[in-house]
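Q: Fit chain B to the given chain A structure using the hints.
Chains as they are written, first to last, in the numbering used here: chain A, 1 to 114; chain B, 115 to 225.
Derived by calculation from the structure, the hints in this document are not laboratory data. What you are looking at is a predicted structure, and each value in this text was computed from that prediction instead of being measured. Incorrect hints may appear among the rest.
[What the hints assert, rightly or not] Covered by chain B, according to a simulated footprint, are these stretches of chain A (three or more residues, beta-carbon under 8 angstroms):
1) 49-59
2) 72-82
[To be verified] A partial selection of chain A residues facing chain B, derived with a Cβ cut-off under 8 angstroms:
3) Gly-40
4) Met-41
5) Gly-42
6) Leu-43
7) Leu-45
8) Phe-90
9) Glu-102
10) Leu-103
11) Phe-105
12) Gly-106
13) Glu-107
14) Gly-108
Every residue gets a Cβ at the ideal spot worked out from N, C-alpha and C, and that includes glycine.
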Amino acid sequence: NAGVTQTPKFRILKIGQSMTLQCAQDMNHNYMYWYRQDPGMGLKLIYYSVGAGITDKGEVPNGYNVSRSTTEDFPLRLELAAPSQTSVYFCASSRSGGAAGELFFGEGSRLTVL
Amino acid sequence: AQSVSQHNHHVILSEAASLELGCNYSYGGTVNLFWYVQYPGQHLQLLLKYFSGDPLVKGIKGFEAEFIKSKFSFNLRKPSVQWSDTAEYFCAVNEVNDMRFGAGTRLTVKP
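Just chain A, with the same shape it has in the complex:
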């Protein structure tokens, strides 16, 4: 009963490097989300997906890319890491949007860009 699994849990990047944060869910949820959490700022939505093959931008998409080739997986790509991307990243899923939109979160990935 894994729920939402994120990897890696911790990562240090140098400026300009690229990496992918992995997210997988085993609940057959259609909706998946990526958030970043910064101290005092709460959670900001980066990208979300309402199903395989469909993605959309959230509040803070610049510097990130996503894909959703399967229902289970929703990787987040950072192409040219910048110090402003130092944050804790959370992946979440939900059965649907709207009234059934309770989110189930992963444990987070702490990224530091130096």
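A: The following block gives chain B in isolation, referenced to the frame of chain A:
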């Protein structure tokens, strides 16, 4: 898209004190409202949610929240807090497909 305001950044209470955390969203319409909690070192989990019907909703661990449509508010309450309630609390609104969160309120309960 909706935005969410949480009025209190950090609240410090003694055990057995009553709690009320404020939350407002930006405009009317059909919205779904949530409170999530993040205990130290853990990921976010759902406390309670409002979709429709009775504007007073009850959640886990003795928490409740009241939806006041005219004020665009969804305040969280608990009559008597415990040390184990020390956590960060996030209000969230789901209008269509995305979920937007407030900045969070850190609650510290002194034993």
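Q: Confirm or reject each hint.
A: Checked hints:
| no. | hint | result |
| --- | --- | --- |
| 1 | 49-59 | holds (count 4) |
| 2 | 72-82 | violated (count 0) |
| 3 | Gly-40 | holds, 6 angstroms |
| 4 | Met-41 | holds, 6 angstroms |
| 5 | Gly-42 | holds, 4 angstroms |
| 6 | Leu-43 | holds, 4 angstroms |
| 7 | Leu-45 | holds, 6 angstroms |
| 8 | Phe-90 | holds, 7 angstroms |
| 9 | Glu-102 | holds, 5 angstroms |
| 10 | Leu-103 | holds, 6 angstroms |
| 11 | Phe-105 | holds, 4 angstroms |
| 12 | Gly-106 | holds, 6 angstroms |
| 13 | Glu-107 | holds, 5 angstroms |
| 14 | Gly-108 | holds, 6 angstroms |
Against the hints set out earlier in the document, a violation occurs for number 2 only.
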